[in-house]
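Modelling step: build the complete structure from the supplied sequences, incorporating the hints.
Here the protein sequences line up with chains A and B, keeping their order. Numbered by numbering that gives the first Met the number 0, the letters in the first sequence go through residues 0 to 160 in order. Numbered by numbering that gives the first Met the number 0, the letters in the second sequence go through residues 0 to 777 in order.
Some hints here could point you the wrong way.
Now the in silico label distances, taken between C-beta atoms and shown as ranges [what the hints assert, rightly or not]:
| id | chain 1 | residue 1 | chain 2 | residue 2 | range |
| --- | --- | --- | --- | --- | --- |
| 1 | B | P48 | A | D117 | 38 to 46 Å |
| 2 | B | H718 | A | A83 | 42 to 50 Å |
| 3 | A | A84 | B | S514 | 16 to 24 Å |
| 4 | A | K88 | B | K653 | 25 to 33 Å |
| 5 | A | T15 | B | D430 | 54 to 62 Å |
| 6 | A | D117 | B | P710 | 17 to 25 Å |
| 7 | B | M607 | A | E73 | 47 to 55 Å |
Per the computed footprint, the stretches of chain B lying under chain A, defined by three or more beta-carbons under 8 Å from a beta-carbon of chain A, are [claimed, not checked]:
| id | segment |
| --- | --- |
| 8 | 486-495 |
| 9 | 706-712 |
| 10 | 762-775 |
Hint data in this document are derived by calculation from the structure and do not stem from the laboratory. All values reported here derive from a predicted model rather than from experimental measurement. Glycine included, each C-beta is placed from N, C-alpha and C at the ideal position.
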Amino acid sequence: MSLEIEIEFTLNGRLTQVKVPPTMTTLTMLREELDLTGSKLACGEGECGACTVLIDDRTINTCLMFAVDCHGRELLTIEGMTTAAGLDKVQQAFVDYGAIQCGYCMPGMIMQAKYLIDNNPDGRVSRSDIARGLEGNICRCSGYTKVVDVVAAAMLEENAS
Amino acid sequence: MSAVLDQTIRKSDENSIAKTTVIGKRIPKPDAPDKATGRTIYINDMVLPRMLFGKILHTDRVHAKIISIDTSAAKALAGVYAVITGDDIPLLKFGTTRDNVPLKAGKVRCTRDEVAAVAAESEEIAARAIDLIKVEYEDLPPVFSPTEALKDGAPVVQEDHPDNHSLYYEFIHGDVAAAEAASDIVVDHEFDLPYVTHCCMGPSCVIADFDTNGKLTIYSQTQYPYNFKMDLAPALGIHPGDIRVIQPPVGGAFGSKLDVYPFEPICALLAKEVRRPVKLTFSREEEFINSPTRQPAEYKIRSGVNKDGTLTFRKIDCLMNNGAYTSWGPTTPLVQMRTFTGHMRVPVVEYKGLSVYTNSVYAGSFRGYGNVQATFCTASIMDMLAEEVGMNPIEFSLKNAQNPGEITPQGSILNDCRLKECIEIAADKTDFLNKHEANKVARKESGRFKYGIGLGTSIHNAGGAKIHKSDGCGSILKLDDYARATLITGASEIGQGIDAVLCQIVTEELGIPISDVTIVNNDSAIGPWDVGVHASRTTFIAGNSALRAARAARKQILDAAAKQSNVTAEELDLRQGHVVQADNGVPVVKLDKLLRQMHFGEEPELVMTTDYYEPNSEGEDENHVGSLSAAWAHAAYVAEVEVDTETGEVRVIKITAVQDVGRVINRLGIEGQIEGGISVSLGYALSEEVQLAEGKVLNPNFRDYKVFTAPETPEIEMHFVESDCKEGPLGAKGIAELPAIVPAPAVANAVYNAIGIRFHKPPLTPEKVARALYAKQD
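What follows is the structure, encoded as structure tokens:
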């Protein structure tokens with residue numbers, strides 16, 4: 000029997016307790032222990048961003064973070080962005096702008112987009128700044144243009160409201 | 000009952016429903032909301048009850064005899080359910096030319112070779128078991144380059160092919176020697192095109208499950224479910240009819256899933272052994288090493304041109320590294336020949352293409368299939384020949400571009416050819432001529448940054464490609480009692496957006512909301528046959544089939560409505576869930592009500608229609624002549640680049656895409672296909688290469704294999720030429736491969752315009768460009 004460690008953290012607004020082996024990654028915990036398969040395993044090396052999750056309001060490649068390090072933290076995954084009222088407006092914008100094709104990278108991409116939008120209070124970031132902010136997320140379908148469009152439009156809207 | 004529609008013809012009033020269209024609009028993919036919320040269960044996310052995990056032991060050699068395989072320690076590990084090797088299974092051959100087997104016995108021929116496989120309770124245990132398998136080899140002399148493999152005494156890769164020849168293609172039209180003698184200018188060029196790979200974000204994955212009757216259900220990423228059964232069956236020794244293919248959502252395909260690869264039958268063999276479902280998934284490293292590449296190729300091309308700028312002939316010698324086994328890669332001459340013979344008017348053409356077995360990795364199909372390689376050559380050569388004859392690239396291209404109605408030497412019928420218009424728009428929108436001249440002047444001046452503009456054009460099949468006996472697609476359309484439609488189509492959805500396109504087509508014909516159409520296309524036991532997602536064919540072929548099924552349903556509905564009223568079917572239309580008077584939009588009856596009346600009336604009928612659409616095209620004869628596709632399309636792409644002459648870095652500033660799309664069906668989808676295709680093509684031009692040394696992949700990760708990311712992505716401007724294709728669904732043509740084909744040579748031409756150096760071997764990495772710049776200075 001391998002050693003398991005009990006940890007407690009806030010996951011998508013809900014207090015969560017789980018026992019994990021010390022070697023398990025946060026991504027594996029989310030996908031296999033907690034059935035949150037929205038975050039994807041696409042490289043397992045921190046190179047592609049498909050496993051991106053917001054942890055204490057920062058985007059993290061969860062394939063590189065041990066699950067035990069989630070103890071006491073606050074996690075927001077792609078599943079937690081959606082409420083009973085429907086899609087989060089960033090998610091909706093990805094749909095409306097046609098940024099999603101195969102969609103495999105999109106949960107990670109959307110988390111990173113949300114981070115950029117939430118951390119840009121003055122709304123004066125340029126397209127090249129946005130692109131720089133998305134460089135850790137690989138997409139093989141969209142060619143990124145529509146993703147940058149989504150983020151730029153959302154920033155403008157945030158600024159106007 | 001017959002008095003239900005007792006209205007007399009009425010005048011237009013406030014209830015009138017105007018005719019609207021969804022064609023050409025920006026329609027989000029129906030599956031996008033689930034994908035945006037993480038709700039979509041991809042195959043990689045699937046877990047079946049009692050499921051075990053498979054893993055493959057790939058060889059650590061490139062060419063060796065297998066002396067022995069010791070699996071005893073692996074079998075003894077707790078949690079291991081099965082360990083199989085090539086000695087445990089019949090050596091049943093499969094593959095494009097039947098030269099591959101699932102697990103290798105006796106000999107390994109390349110770094111991918113599968114020598115054993117494990118099924119275990121978890122991926123971790125399976126990996127530990129793999130580590131416990133001991134294989135003893137005796138190394139054989141390897142050969143990696145096709146040139147070396149052709150020499151006398153070269154190591155033999157496949158015993159059935161002692162000369163290492165795999166496939167050979169030849170096309171001859173006219174007398175090249177005579178054309179050469181008559182040409183004012185004859186020029187030789189060589190190109191060397193690299194291995195690149197798809198980089199699907201969802202790594203390869205398969206789940207296999209045999210039932211007690213011996214029937215196999217395979218959950219697959221395949222993009223050709225129906226012929227997949229035919230190709231998988233020989234590897235397992237079972238009947239194709241005993242295979243059911245389920246297609247869960249996939250993380251990209253791009254041509255990489257158009258063949259059966261060994262991991263799929265291996266997973267099925269494990270499932271058969273353990274009598275439980277088995278799932279097998281590649282790590283990213285395994286994906287880079289073991290999934291197919293684009294076909295690499297070396298070209299020697301001789302071109303003729305007269306002083307007035309008229310192309311006179313093209314002679315192409317193509318040498319392809321087949322690798323150790325044959326998938327679709329070495330068959331790419333089928334498409335590249337169409338480019339060499341059809342990209343611009345070339346009266347005399349000779350093409351010879353040979354693929355040669357080596358101990359290298361092997362290639363499959365990849366978006367653009369052969370035309371990526373061919374167009375890199377032809378579009379580069381067009382730029383060079385323009386300079387030879389002292390013309391600018393625009394004038395030279397226009398001089399040689401075909402007119403509508405021309406037929407190429409191989410028989411591609413360019414009925415609605417809009418190549419000239421594409422070139423003219425591209426030149427006009429980019430101010431090409433002024434910039435091209437100014438850059439040529441500026442490159443002689445001092446300054447670290449140089450600017451270039453380059454044109455790329457090409458042709459691609461846009462109405463399917465009849466490489467099988469049928470290039471068809473089936474559809475089954477039904478309407479329920481609530482006027483909700485279900486379209487069961489053979490066409491697969493791999494992210495490209497056929498779901499939205501088919502919903503639009505059904506909506507357009509039946510006048511119901513897009514959200515009231517459901518597409519079913521994920522089960523080979525339910526869907527009618529389709530040849531697969533390839534060759535830019537799905538909108539064209541599946542679109543036509545859906546259109547015809549929808550038109551049949553529309554006729555059935557309007558006939559029923561006419562029968563119950565005092566007007567003819569021709570005087571009625573379907574709009575916004577109503578049968579209306581066609582001339583003024585006055586509602587006659589609500590569609591759902593009419594459908595219930597049809598269903599539960601005196602002569603009960605359901606609206607259910609079927610269609611099998613076979614495009615109006617002919618396969619090639621033994622001389623490679625035939626129309627092949629029911630439509631052809633052209634594109635002109637202009638690249639504008641900045642070259643840093645100190646670092647050699649090429650930055651693409653802007654791509655202007657002009658493409659004949661027939662007619663825009665889904666504007667969002669078409670933009671997405673073009674933007675995504677450009678990204679792949681720019682990677683081919685500038686950054687991507689699977690690097691091999693002694694047959695082994697040196698860069699099996701995203702750190703060292705450089706795909707384009709957001710910051711490198713240039714501004715993209717696009718212009719659609721709508722030729723309104725007569726054969727296409729609502730005028731549309733297939734569009735998705737040209738964007739992955741044409742930008743790369745446009746970039747190479749732009750780099751030449753910037754620094755006066757011609758590159759014949761992409762990718763144009765900073766190192767390669769800097770070396771060339773420094774060599775020029777010396």
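Status of each hint after checking the structure:
1. For P48 of chain B and D117 of chain A, the hinted distance range of 38 to 46 Å is satisfied, since their beta carbons lie about 40 Å from each other.
2. Taking 42 to 50 Å as the suggested C-beta distance range, the pair H718 of chain B and A83 of chain A conforms, at roughly 43 Å.
3. Between A84 of chain A and S514 of chain B the C-beta distance comes to about 18 Å, which sits within the given range of 16 to 24 Å.
4. Taking 25 to 33 Å as the suggested C-beta distance range, the pair K88 of chain A and K653 of chain B conforms, at roughly 30 Å.
5. Remark: the range hint 54 to 62 Å for T15 of chain A to D430 of chain B is upheld by a beta-carbon distance near 59 Å.
6. Checked against the hint of 17 to 25 Å, the C-beta distance between D117 of chain A and P710 of chain B comes to roughly 21 Å, which is consistent with it.
7. Between M607 of chain B and E73 of chain A, the C-beta spacing of about 52 Å keeps the proposed range 47 to 55 Å intact.
8. Remark: the segment 486-495 of chain B is confirmed as covered by chain A, as 3 of its residues place a Cβ nearer than 8 Å to a Cβ of that chain, reaching the required three.
9. With 6 residues having a beta carbon nearer than 8 Å to a beta carbon of chain A, the segment 706-712 of chain B meets the requirement of three or more and the stated coverage holds.
10. Coverage of the segment 762-775 of chain B by chain A is violated. Counting CB-CB distances below 8 Å, 0 residues qualify, and the rule asks for three or more.
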